[in-house]
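Asker: Each chain is listed here by its residues.
Number of protein chains: 2
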Amino acid sequence: MKIHNFSAGPCILPQVVFDKMAEACINFNNSGTSILEISHRRKDAVEVIDTARALVKELMNVPESHDVIFMQGGASLQFPIIASNLLKEGGKAAYMQTGKWAENAIKEAKRFGEIDVIASSKDKNYTYIPKDYTIPTDADYFHCTSNNTIFGTQMKQFPNSPVPMVCDMSSDILSRKVDVSKFGVIYAGAQKNMGPAGSTMAIVQRDLLGKTGRNIPDYLNYATHIKNESSFNTWPVIAIYGVMLNLQWLKEQGGVDAIAKINTEKANTMYTEIDRNGLFTGTANVEDRSQMNATFVLNNEELKAEFEALLKQAGVDSLTGHRDVGGYRASMYNALPLESVQVLVEVMKQLEQKFG
Amino acid sequence: MKIHNFSAGPCILPQVVFDKMAEACINFNNSGTSILEISHRRKDAVEVIDTARALVKELMNVPESHDVIFMQGGASLQFPIIASNLLKEGGKAAYMQTGKWAENAIKEAKRFGEIDVIASSKDKNYTYIPKDYTIPTDADYFHCTSNNTIFGTQMKQFPNSPVPMVCDMSSDILSRKVDVSKFGVIYAGAQKNMGPAGSTMAIVQRDLLGKTGRNIPDYLNYATHIKNESSFNTWPVIAIYGVMLNLQWLKEQGGVDAIAKINTEKANTMYTEIDRNGLFTGTANVEDRSQMNATFVLNNEELKAEFEALLKQAGVDSLTGHRDVGGYRASMYNALPLESVQVLVEVMKQLEQKFG
Ligand SMILES: Cc1ncc(COP(=O)(O)O)c(C=O)c1O
Ligand SMILES: Cc1ncc(COP(=O)(O)O)c(C=O)c1O
Ligand SMILES: [Mg+2]
Ligand SMILES: [Mg+2]
Ligand SMILES: [Mg+2]
Ligand SMILES: [Mg+2]
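Chains as they are written, first to last, in the UniProt record's numbering: chain W, 1 to 356; chain Y, 1 to 356.
What the hints contain is simulated information worked out from the structure, not anything from laboratory work. Nothing false has been slipped in among the hints.
Which residues of chain W face chain Y? A partial, calculated answer using Cβ under 7 Å:
id: 1; residue: Ile3
id: 2; residue: Gly74
id: 3; residue: Gln191
Computed, partial: chain Y to chain W, Cβ under 7 Å:
id: 4; residue: Gln72
id: 5; residue: Gly74
id: 6; residue: Gln191
A virtual CB, placed ideally from N, CA and C, is assigned to each residue, including glycine.
Kindly generate the complete structure, drawing on both the sequences and the hints.
Answerer: If you want it as structure tokens, here you go:
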């Protein structure tokens, strides 16, 4: 049976990525060696990371002022890295608090100095994106989360920040057009639209670095990875190979603009049914709904078993909401075909026909 | 042609690891999904990391007092982590300096406090392991490197340290029996005897933590990973799967004692030829020679092209010494068969017959 994988991350990737990674585990580029046993400094390995970097630059139209780096440790390690690289000793930073990941980013940054939470949607359980806020001009930077994976909200536009803008784009990177030049740093755990779990990407404006007065460990210093072209130490070869393949696939689809159209179509299909179908209710504020993660609840909890049996029958997998919020979450990342959303919608209609 | 892979890391792994990882990229455990698209919190993923952890405990006979954790960032990120987790504010630590990796560990630790380099072999280009040194009883910990990957030296025994002993075992972990109870922390980048590049392992004595008075970012705090059983954030699923498979293979070989015997046989075969053959000279002090990395030079540089042509013909790959030291380095990690060493020795004999 075909499985429709709505996992929130790590998540579905294109079949060609699976196939080529499998092949490389046995025989990488016809070299007679597995990609798993080669030095990250071997010429054909270096080509992988160079190609991945170049593809990020091309697909996201990264300006000359910014470098693309690959690290490890996930977005969670970026939280303290951001603060240690950008928050001056004795300085302050402004944060927007729009969900659990933003909370974690704030928690980690507070270890390094004063954090001004200038806007928060915690009052309504993170169901919306704050719009009325002023970014203080004396902040070292402004931090926001473009897409709130758990709560299903997404920033539809970014402010014109008077200070460097830093954004956690873990769950919507490469899903839509973004003007990179507006940002000081963009970062993302790879395990959604970038590739498999095991690498982390950052796009860093070079001239922001080296100004905090802090003594930063080499690995945690963006400057180290820029200088060493992400080969400061052993990088996760198979994971970065997956990133490269996934970016090649995205380019073949027509790039970010093309995938954004499909993402919009998928999201519209999903939200239309959530709204139309009397058995379900969306949980996020309509204008702030995420195109990546649609969160919704079943109005009548007594239909839970029946709904989930139908989902299972149809091959719909990993629709359960995050353990902190419950309900359902349909994650519709780049590699999820429209067909999978249609199958899910079909199941929702079936439930309605039986019990609506 | 069969390739004999002497890469210093990432390095050769058992064929069964390549085969099973390839299979999992397409269809993980017959689940109908790729291991690359599943949540790290899915039951069968959690089983992978739990199994890997249990195998480390079993194979290394880890005492109850210690926890096994998997992280990212490589051994290079462990360098500052060690200091921030164990070096008290205003305290000092003792380091043994036996190579480039020890130098880096020292460099990173110095950011956190006073570092006392109590022994160094830098005076002779790191060709030996210092033996006469006293570990100060007022140090917060003593740090050493069990195997110096670049210079080809290895500690044959460990001191009875009056303070917690911390060891970078990146390049000889699981290659020989070690009494874990003697150590406060053992850590290793996975990409030698543990598995593919992309994960890092630490074995940590629980009761040493939480005593520095430092404000440690969650990801960099061992306590976080212990508490969350290495699932604080998204872990590198495919890399840890490779670790698990590799540990299963090692167990099937008879475990650490059995592999240690073969490693000794491989090293003896290698060093016997280096010594016997007049064209070559080993670079490390004989009694400190590493069983993992044999470093040697060709006495007559004019034979370089000829030697390397013969190596190529025989399928001997990645024998070039580290870029910092030159010469040759035969890395003989667990998965390298004795046969590969014999092939290399054969080539050395051939060269001798032609030019000796
Ligand atoms: C928006 C966002 N930020 C941060 C994280 C944490 O990422 P990681 O697990 O790579 O640390 C996630 C994980 O899902 C996320 O969705
Ligand atoms: C003994 C030792 N320590 C540390 C390192 C650095 O490891 P990583 O690249 O995982 O940071 C290496 C890498 O080869 C090593 O051999
Ligand atoms: Mg969130
Ligand atoms: Mg409705
Ligand atoms: Mg060394
Ligand atoms: Mg000789």
